[in-house]
Each structure stands twice: as structure tokens, then as C-alpha cells.
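2 protein chains.
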Amino acid sequence: MVKLEDLIVIFTFVGALAALLFAALTARKVLKFPEGTDKMKKISASIKQGAKAYLKRQYTVVAIFFAVMFVILGVMAILGNLTPYVPFAFLTGGIFSALSGFIGMTIATSSNARTANACISGLNKGLRVAFGAGSVMGFTVVGLGLLDISIWYALLKYVFHLGAGDITSAMLTFGMGASSMALFARVGGGTFTKAADVGADLVGKVEAGIPEDDPRNPAVIADNVGDNVGDVAGMGADLYESYVGSIISACALGVVAFGSFNAMALPMIMAAVGILCSLIGTFFVRTKENATQKQLLGSLSRGTNFAAIAIAIISLPLVNICLTGKFGDFSKIGYYFAILAGLLAGVLIGRATEYYTSDSYNPTKKLAGKSETGSATIIIGGLGLGMLSTALPIVIVAACILVAYFAPNGFKVSTADVNAGLYGIALAAVGMLSTLGITLATDAYGPVADNAGGIAEMSGLDESVRTRTDALDSLGNTTAATGKGFAIGSAALTALALMASYINKVKEIGGDKITDSFDLMNPKVLIGLFIGACLPFVFAALTMESVGKAAQSIVKEVRRQFREIKGIMEGETDPDYATCVDLCTKASLREMILPTVIAIIVPIAVGLILGYQSVVGLLAGATASGFLIAIFMSNSGGAWDNAKKYIEAGNFGGKGSDNHKAAVVGDTVGDPFKDTSGPAINILIKLLSMVSIVFAALVVNFSLL
Amino acid sequence: MVKLEDLIVIFTFVGALAALLFAALTARKVLKFPEGTDKMKKISASIKQGAKAYLKRQYTVVAIFFAVMFVILGVMAILGNLTPYVPFAFLTGGIFSALSGFIGMTIATSSNARTANACISGLNKGLRVAFGAGSVMGFTVVGLGLLDISIWYALLKYVFHLGAGDITSAMLTFGMGASSMALFARVGGGTFTKAADVGADLVGKVEAGIPEDDPRNPAVIADNVGDNVGDVAGMGADLYESYVGSIISACALGVVAFGSFNAMALPMIMAAVGILCSLIGTFFVRTKENATQKQLLGSLSRGTNFAAIAIAIISLPLVNICLTGKFGDFSKIGYYFAILAGLLAGVLIGRATEYYTSDSYNPTKKLAGKSETGSATIIIGGLGLGMLSTALPIVIVAACILVAYFAPNGFKVSTADVNAGLYGIALAAVGMLSTLGITLATDAYGPVADNAGGIAEMSGLDESVRTRTDALDSLGNTTAATGKGFAIGSAALTALALMASYINKVKEIGGDKITDSFDLMNPKVLIGLFIGACLPFVFAALTMESVGKAAQSIVKEVRRQFREIKGIMEGETDPDYATCVDLCTKASLREMILPTVIAIIVPIAVGLILGYQSVVGLLAGATASGFLIAIFMSNSGGAWDNAKKYIEAGNFGGKGSDNHKAAVVGDTVGDPFKDTSGPAINILIKLLSMVSIVFAALVVNFSLL
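Quick note, the sequences are listed as chains A and B, same order.
Numbering-wise (the numbering used here), the first sequence opens with residue 644 and increments by one.
Numbering-wise (the numbering used here), the second sequence opens with residue 644 and increments by one.
The set of hints was computed from the structure by calculation and includes no laboratory data.
The structure displayed is predicted, hence computed values, not measured ones.
The reader is advised that the hints may include incorrect statements.
Identical copies carry no separate label here, and so any pair may be met within one copy or between two of them.
Simulated crosslink set (BS3-like; lysine-lysine; CA at most 30 Å straight-line) [unchecked claim]: (1) 1229 to 1009; (2) 1229 to 1008; (3) 1009 to 1199; (4) 768 to 672; (5) 848 to 1150; (6) 1055 to 695; (7) 1008 to 1199; (8) 848 to 1304; (9) 1288 to 672; (10) 695 to 1298; (11) 684 to 1209; (12) 768 to 646.
Go ahead and model the full structure; you've got the sequences and the hints to work with.
Dropping the structure here:
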């Protein structure tokens, strides 16, 4: 009989290759659409050129970081503090993550003009192209993620003949590589895109009074480049990290809890099956011509709903097949409930996000009304809204943790086994992300539509085209809210699973030396908790500061061009777009270093000074406060954005009114909130755990206290 | 030989009465100063009348709450879940806390016109009156606090003949009464003051273009009333709660750790001695005529520095005398270091606050510069500044916890006893607040100076008088920063001590039933941590929302008056001040209910559903995130305020420039940050613990999970 532990590799390779093949075929189909007029081609080309130039320089900087880390990890491996696979696993995580971003961005920059052009013939055709581009990105991310996992699994098991425990140990390292890369991509890209956006808006819209995406604005190309390097390349690397992180942390906990390949098989096979469900789901995303906005959204939802329901059903036999042997004491149906809880929690957090940030609901409508008493009240209102919006997701995640942890034990609370329960939490995260292929597709198509709108505007296409791209873009805002729910919910669950892996690692290394519990009355744990809870604040501050600094340099440059280059405002001379792109590139590369370095150094330093107990406190504190701040910032930002759009749609005085100006201030404050700091914190909380795990031996053996 | 446990009562009564006597004498001296012209008297009278009317209605609402709680506690006492003293102790805590606020406010409203009048003859005389009023408040708070403690100690020990453990148990309950009252006072007063302030500024300054404190502004009296009910009465109740909370939590832990009256004596005697040191310190606050601003600040600092150094020295023999007997294993000098660590941490957090919020330093100067690119960038900058400013205080508090916990054990980290260590942390909080008499005096004089400025403006006194009151006011901003450092630092330490008391209480009630540890890998603890960390966010959101709502009603009313009452702008007709005061009163009373009720219900509900483990997680989460959010909000608000003042002083374009307008938006956003939400969170984190302790029996006996 073929063993399950060998079947894993077949499943995951098939899943990974299916995803990549589908991505390639979809890419070919998308690229067959025409790019439109020469002007559109020219604009699209300069966006693509700027984005590629940025990524090239970003990768150069990141390569230095990876080289340094490779050497450090190598030395540690030689000294016996790490297994020799670690440095290489670290590298592949980084490379695959970067690749996800790069491929996603390439297809996105190749599809923006095509989407604009397709919108000339109708909304539906536009949706097809944009959603196609999103699908390429979505399936590239999951395909590459599962491929990396498959390759390492095969290599470590069949070439180096390692056991389950050692395999998951090595795998956690490529999580660290992926997280580091993701953080660079998110912070760098996020700084770029928001600096350009804020800079372009402040001088263009507010001071010079020209509309958004006006070709006379020198920062307009930088703004569009930013959408691609931030919202596409950054998001690709980010979700690659989330996806891979959730799977390997579940594998690691499964092995610790049950010591078998079976517990490791479940998350990997679920990921593979999830890809197939997502793939089939994409075929549901089509609709008749002349569809209304609501019908369009319905067609997108049909795809994601199909995938979610399919994986929910198929998980039951999967759990049944994988969890055999030592699992006698734990109910399989309990683990199935854990998976369902994860799936449901993702959807519910998405819904909560939508409720707080969409202008179809009261909170954002009311927020828009606060513009009537000026920008101060809309800012206070938005901050309050974001803070209040943390309550529902916290309750949802708490309920999910409760179910996922205790269900496997039949809710016999007092006798629950820690690792078996935490495996349930990790499975919940895997359940949440199993349909990432299609949820990411619906998410990633937004920036493409956004860019298409820019190109339509700049190349002077008919007003109706812009209306269509705007419809697509606004649809994208709703799906993005759902996407954020998954990203943030899975981050919290994965971080908890990783924290558990850290403790297991510490116990494995320290053996009898590890006598302390991680009790909250232990002052080391408490101090760690305080420091950890502070990190997301500092991180948010640094990234906002970066955007502010970079934006100011753009503001000055745009003002200079308006002043010095004659004929820009009359449309006679082209502004100097390249300088703005260059300024954004330099600023964001400079600014992305410090936050990432802090995320890596702080947990190691805290561990070396205060000991491993503080590290556990740090991880718990960072996860709790990071989850809250990420939701707070994302939702405040989203609500301001949509409140502004609600006013632009003719409410509370409409475009150009004083209320609108107040709302623009809110939106500008929200830009770094929702697109730089907020999403980066999702990555931060996982990177902290990964770093702690990789450097656990150092901390256990050499800490001061 | 007279026993130490009997000497306590003599010491504390002497300390308490000395403070109250000094307050009374100072009040007599202040009230001898003349109130100035009839116009000044009239304005001062209407401020006083509005403030008293507000407090009267506030107390009526709060009385209902206290009556309900008294009945609930009474029923629980009858059912045997509480000792019979608890309901009464709860009441006295509330009454004394309210009294502190009331007396402080009475003297403050009686001194504002006197300060303005004194400023006619010179800056120094003005300082004497204002500082005198502040001293009355400072010494009333500490005097009443220690009096309440002394009375209960004497009553429980000599009338009811209770042991040390039962005495501290009952005392913790009046902490809950004090905290509830403080929260009402802070939230209600904070909403009133900021609603009036924001409302007056938005319509008066921004829309109508009239200066601050202009008598034509219908909200101007409400604004001045607000300073008194918020910054004075609210602060009085708040610091009463901090002071009493720190002492009783140290007493309670001392008894648990060492089971003797001796460990209980130390914090109480330290408080009494601290009062005497503060008292002597006030005599150092005098300076030659024609002193510069720097010399004035120097004279204030001389007073607080003397008190701090004196208590630092005297603590050594106090520790030596009190800690005898069972303390053999723990080094007395170690506990002395814990006290010093607390004193030092308070000063350092104050310095950090000053660095981030004073316009003498770079952060605020740079923030002012961000106004050049508009209100959005100064808002982003201020939020970033506040978030970043959490890092230093976290490190300071972490270091203080480390020293206070481990020093008594000679830094033999692995063998430290939990309760003995936590007693050190509680002593650090007592050390920090031991000189509250004088630090509060330097803090509370600020609002008096602020009001004096308003009266000077409204009654048309000479420009030079306003300059002098402004100098006093700006001095007050610096001392307020220091005061905030003490308030927030002590809140974190006290909250940890209370958390420990909760755990001890749970163990005492549950006995063998309590098998679980409070390990971070326990999902109940983790869920509690998440929920707890969320509470300060929700709380901040609700209080900001309250200010926003109340301010909007003021904005509408002021606009209505400008529109409907003819001759206001020409100065021919008096506006209808009373309606604005009334609106603020109603709004703030309505809005203060929900946050307080949440603070009381959530820990009980979480306990009843998830069990005591979750409550511990909740307290830890709320303390960590509450500490961070309180600092973030206070410092962002302070920095915006001072950035605006820096511009008004002639930098970056000065008053009336576009930059100034942008800075005013920042300041307005900062108003509820620094004066409503931020300070209220300090109280919240302690109230949560107090409530948990009082309802511990209910949770241990009846929880679901």
C-alpha cells in the first residue's frame, strides 16, 4: 500500500503545477487582448518601465540583506546552532516570495492598458481582462508557495532522509525568508505608492486644482507605478508569506502534537485541494453583457463562494483520511470544525470590514457627514471608527480560537492537550487561506482596474470608459475588504501557531534547562509582553513617517516643476515624470531598511538580554496589539477613502465642496494607514516569530538573565 | 514597646491632617487676594456657576450608579460572596474621590479671576496665586486619600478586629469606588471640556475669525467651565484614584507576600512622609520679582526636586524600620532600590513626554514644519510622533519592573518569589506617587492660569496681563507633561500589582479548584489577552465619538446664535452662554455612562463565560495596550497643541497663515486625544482589575468554561 507520507508529494506537486499552468494559460489569454492606441501603449510602457526599474533596485538592496543573513545563518550552522539546510531554505523563501511579486507585477503592468481598452467595448470585457490578470497573480502566489513546500519536502525526505520533525524545522526557515522579503516589499512598495499618491494629490488636486490622474501632474506616472509596486508586487509577496506561513506552521505543530507524517499531510493536501477548488471557482466568474454592478459583484462572489463551499465539503474526507493512527484520543470531526471555524472567521472578518468601510453602510455614511464641520471632525470620526471596528474581529477571532482549540478534544476544556489544540488553531488558518487562489484573484484585480482608469484619463479616452473602470475599481474596494479579512485573520492565527512552535523549539533545545512556565505573573513574560505590544506602534510610526518624508520630497519636486518648467499647466510641455519616479524609488528604498532590521533585531536582542520567556511575551504582545492596530489602521483608511467617494457621488455637497475638501484630508491621512502601515504589521507579527524560532538556539544558550 | 502596626495609624492620620490643614490655610491665603473689576467678578461667577451646576448634575447621575452598585454589592455580601464591609468601602471611595474633585474645582474657580488680577501687578504674584490654588488641590487629594485609608484601617483593626489580610481585602473595594468615580469624572468632564473647546474653536476661530476667549463667542463660558470640570475636577478624582490605588495595592501584596502588618505599614508610612516632604517642598516655590520664564520653571522644579530627593533619602530608614521579621530572605536594600526605581521611572517618563511634546525640542518643531504641506501631513506626523513616543516609556517601565521585581532577591532571577517580587513593583508605584502633593500642585495650577487668561481677555484687561497669564499657562504645559508621566507610569505598575492581587484572590477563593496556570499557551489566557488589548481601543473610540457628537451640537448652536441673535458680532448683544453650557452638560452626562458600564461589565462577563484564566489575560492585555494607547494619544495631542503654539510664536508663517490653519486642525484632533481618551484609559486599566477582584467569587464559583 502506498503510504500517505509519499502521496503528499504527488498531491502538492500536482496542486502547485496546476496552479502555475493555469496562471500561464490565463496570462497568455490576457496578453492576447490589444493594448489600444499608441498613447495608451506609451503610458503603459512608462508605468511598466518605472515599476521594473524600481523592483530591480529593490531586489539589489534586498539581495545585500539576504547575502548578509545567509552568511550569518551559515556561520551559525557551521557552529552547530542550526541545521545546514537553514541558510538555503531561507534563501528560497525569499526568492519565491520575490518571484510572486515580480510575476504579479509584470502581468498587472501588461494588463492595465488592455483593461482600459477592453472597457471601450464594455464593462464585462474589462472585468474579464482585469480579473484574468488578478487570477494570474493569485494562482502564481499559491502555485509558487506550494511548489517551494513540495520541493523542500521531497528533498529533505527522499534525498536527505530526514524525519517529520526535522523537515518541518527546516521548512520554518523558508518562512522567515519569505516574511523578510514580504516585509521589504510591503514597506518599500507601500512607501512608494503612498508617497506618490499623497504627493500627487496634495499639489495636483488641492493646490493646482487639476483632477486625479491628470497628465499635467508630474507625479502621475509615479502614482501609477506605485499602484503596481505597492498594491501588486507588495501584496503578492505578502500573501505568499501568509500562505506558506500558515501551511508550514500547521505542519510543524501537527508533527509536535502527534509525531507523525499524517498530521503534516493534512494541511499540505488541503492546500493542494484548495487550489483545485479555487481553479474551478474562477470559471463561475462570468456574467451576461450589460450586467449591473451588483450582478458583477455577484459573479465574483459566486466564484469565491463555490471554492469555499467545495473545500468545506472536501475537508471532511481529507481529515478522515489523514488523521488516523495516533489521533484516537482526538475527534476528527473536531479538527474538521476547526477548519470550518477558520473558513467562517475569514468570511466574517471580511464582512465586518465591509460593514465598517463600505459606503453602503451607516458608519461610513455618517463619517462622510462629519465633513460638514471640517477636516478635524472627520479625522476624529475616522480614528474613532477604526478603533471601534476592532471589537467585532476580536470577538470573531476569539471564538475561532476557542472552537479550533477545544473542538478536537470534544470541548472537555480541562483536559485539552496544548499542542493538539494549537494544531487545531493552525488548521483554522490553513482553512481560511485554502481558497487564496481565487480570493487573491478578486483582490488583485483592483489595482489593475485602478491603473486602467489612470490610463483612460491620461490618454483622453471617452468619459464612459473612465466610468466603467471606476465601476470595476469600486467593485475592487469591496473585494479588497474581504481579502484583508483573510490576510489579517490568518496572520493572527498563524502567529499563535508560530509562537507555539517557538516554545516547542525552545524546549527541544534547552531540554531540562527549560523549567519556567510562560505565566503572566512571570515578570520576564510581562516585560516581553509590554515590549512586544509596543513594536506595532513603533513600526506603524516609522512607516507613516517614511511616507510623510517621501511625500514631502514629492510635493517639493512637483511644486518646483510647476514653477520652473513652463507650459505644463497649459498642456504644452510634458512634465518630467521620471524624476518623481526616481525620488519615490530612492526614498522608499532608504526607508524600508530600518523597519525590517528592527523586526529582526528586537526579538533577538530581547531574547539575549531577558531570555526566552520574554520572547514568548513579546510574541503574544505583538500579535495582540499588531492585530488590533492593523485592523484599526486598515479600517480607518478604508472608511475615509469611501467617505470621500460617497461625497464625490453627490452626497453632502459633492465634488469640490468644502465638505469634499475636508474628506480629501481624511483620505490622505488614511493612505499610509491602509496601504503601508496596516498591511505591513500583518507581516511583522509573523516575521517576529520566525526570527525567534530560527535564532532560538542562540537565545537559549547565551541569554543574560 | 509600641508596635509598628499601631504606629501606622498615628503616622497616616498626622500625614493626612497635615495635608488637609495646609490645604485649608493655603486656600485662606489665596482667597484673600482681590478678584478685580466687577466685570471680572461677573465672568468668574458665571464660570463658577456653570461648573457647580454641572458637578451637581453629574453627582446626581453618579449617585444613581453608586446606589445600584451598593445594592448589588449588598446582595452579594448577604449571599456570602463578599465581606459586609465591601459595599460601604465602595461608597467611601466614591465619595472621597468626588470630594477631591469638588474641592479642587471650588478653589480653582475662585482663583481664576484672582490670578488674572494678580497678574496686573506682575508675573510672580500671579504665579503665587495660581500655584496656591494648585497646592490646595494637590494636598486635598493626598490628604483625603490618606484619610480614607487611615479611617478604614483604624475601623477594621480596632473596631472589627480584623487581621492584615482581611483589612487589605476590604480596602481594595474602596479602590473600586474611587476608580468608578474617577472614570465618570474623567469621561464626563473630558467630554464637556473638549466639546466646548472644539465647538468654540471650530465656529469662533475658524469660521467667524474671532480670537480665542473672545466674549462674542457663545461657547466661551462653556469652554472655561470645561477647563474646570475636566482638567480640575476630573484630574482631582483621577489622581485621588491613582494615589489610593497604588497604596492599597502595595499593602495587599505586602500582606500576601509576608503575611504581616509590617509589609503593609511601609507604603502607608511612606505616603505620610511623602506628604510632609511635599509640604516642605512648596516653600521652595518662590522667586525674585522680574524672574524669567526659565527661572519660574526652575523655582517650580526646586520644589518638586526637593520633595523627591527628601523622600528618596528618608525611604532608606523607613524600609529598614518596617521590613523586619520575616523579610530575612529578601534584602531590604533591594526594596529600597525598588522605590528608587519607581521615583526615577516617573521622572524619566515625564522627561520623555516633555521631549516629544515640548516645542523646545526637535520632534514638535519638526511637526510644526509639517504644516507647510497642509493639515493631512501634520496629522500623519502627529500620529506617527505619538506612536513612536511609546517606545521610551515602555523601556523605562520595563527596566523599572525588572529592578523592582528582582532587586529584593538580589537579582537571583531563577529563585525569585512571585509575590515578594510583585510587592517590589507595587512599592515602585508608591515611590512614584509619594510626592504627588507637590507634583499635582504644579500640574493643577495650569488650568487656573488658563482660565485667568480667558478672564483677562474677556474683561478687556491690558495686553500685558494676557502675556503674563500665557507665560504661566505655557509653564503649566511643561509641568503637566511631568504630571502625566507619573499618572501613566504609576497606572501601569499599579495595574500589575492589582492583577497579582486578583490572582491571589482567585486562589484564596477557589482553593484546590485553581489548577490552571496563567500560561500564554493556555487559549483562555490568550483569548482574554486579545479581548483585553481591544478594550482600550474601544474605550478610546467611544470617548472620542462622544466628544465629536457633543462638539457637533455646540457647533450647530453657536452657528444658530450667530445667525439668529442680532448684534453679537458687533459686541452690542451678549450671546446666550447658558445654552451652550447646558448642551455640554447634557451631552457629557449622557456620554459618560456607556464607557464606564463597559469597563465594569466586560471583565465580569468575560469571567463568567470563559473563566478566571481569561480575566487574567484580559487584565494583562488591557494594561499593555492601555499604557501604549494612553501615551500615544496624550503625546500626539500634546505635540499638536505645542506645534500650533510654536507657529503662533511666529515660526513657519505665524498666526493666521495657512500653516497655522493646518496646525489648528491638528490641535483640534488632539484635543479629545490628550484630555479625554488618553487620561481616561489610565483609570480604565485599574478599574478593570478592581472590578475583577471584587467580583472574583462570582467568577470562580459560577463561570461556564
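Return the numbers of the hints above that this structure violates; sort them in rising order. 5, 6, 9, 10 and 12
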